[in-house]
Amino acid sequence: MTPPPVKTHSKLGLAAFLGGLAVFAVYAAALLSYYLEFGAGYAAGPLAANPDLGLVRLVILMIVPVPAHLVLLVVSAAALFFPRRRKLFPALGAAANLVFGLCGLFPWLYLVTASLGRVS
Numbered sequence: 004m005t006p007p008p009v010k011t012h013s014k015l016g017l018a019a020f021l022g023g024l025a026v027f028a029v030y031a032a033a034l035l036s037y038y039l040e041f042g043a044g045y046a047a048g049p050l051a052a053n054p055d056l057g058l059v060r061l062v063i064l065m066i067v068p069v070p071a072h073l074v075l076l077v078v079s080a081a082a083l084f085f086p087r088r089r090k091l092f093p094a095l096g097a098a099a100n101l102v103f104g105l106c107g108l109f110p111w112l113y114l115v116t117a118s119l120g121r122v123s
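Okay, so the sequence shown: first residue is 4 according to the working numbering, each after it adds one.
By construction, these hints were calculated from the structure, which means they are not laboratory data. Hints may contain errors.
Stated by the list, open to error - Beta-carbon label-pair distances, calculated as ranges:
#: 1; residue 1: Thr11; residue 2: Leu112; range: 36 to 44 Å
#: 2; residue 1: Pro8; residue 2: Cys106; range: 20 to 28 Å
#: 3; residue 1: Trp111; residue 2: Arg87; range: 37 to 45 Å
#: 4; residue 1: Leu114; residue 2: Arg89; range: 39 to 47 Å
#: 5; residue 1: Val77; residue 2: Val29; range: 14 to 22 Å
#: 6; residue 1: Val62; residue 2: Pro8; range: 40 to 48 Å
#: 7; residue 1: Asn53; residue 2: Arg87; range: 29 to 37 Å
We put the beta carbon where it would ideally sit given N, CA and C, even for glycine.
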């Protein structure tokens, strides 16, 4: 009788999991940088001299994480259906990208709630 084939870890699932962690780390760094810059006062920081730097941070902070996590969520969901592969990293990647993608929506929700009543 031959032994059953050894299941190996899904490389696609591992890539989706590590990619989700990396995108969240970039998001957290941009959020922290944005908070520290505007927490110290707008006129005192380097954004007063170069407002384009603030725009780049806002783009990184608000636009990049959500589609990146959506793509990585699809990749990890696809990796769940590979036969003869372990499902640990695809499941971790799907969970992490779902949670981190929802965390990436918080700046949008803040922007919507802050602008309520101000738009006429």
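We went through each hint and held it up to the structure:
1. Thr11 to Leu112: 36 to 44 Å: At roughly 40 Å between Cβ atoms, Leu112 and Thr11 fall inside 36 to 44 Å, so the hint holds.
2. Pro8 to Cys106: 20 to 28 Å: Check failed, 38 Å falls outside 20 to 28 Å.
3. Trp111 to Arg87: 37 to 45 Å: For Trp111 and Arg87 the Cβ distance comes to about 40 Å; the hint holds.
4. Leu114 to Arg89: 39 to 47 Å: holds (40 Å)
5. Val77 to Val29: 14 to 22 Å: Given a distance of about 19 Å, which is inside 14 to 22 Å, the answer is holds.
6. Val62 to Pro8: 40 to 48 Å: holds (46 Å)
7. Asn53 to Arg87: 29 to 37 Å: Roughly 53 Å apart at Cβ, these two residues miss the hinted range, so it is violated.
Checked against the numbered hints above, the structure violates hints 2, 7; every other hint is satisfied.
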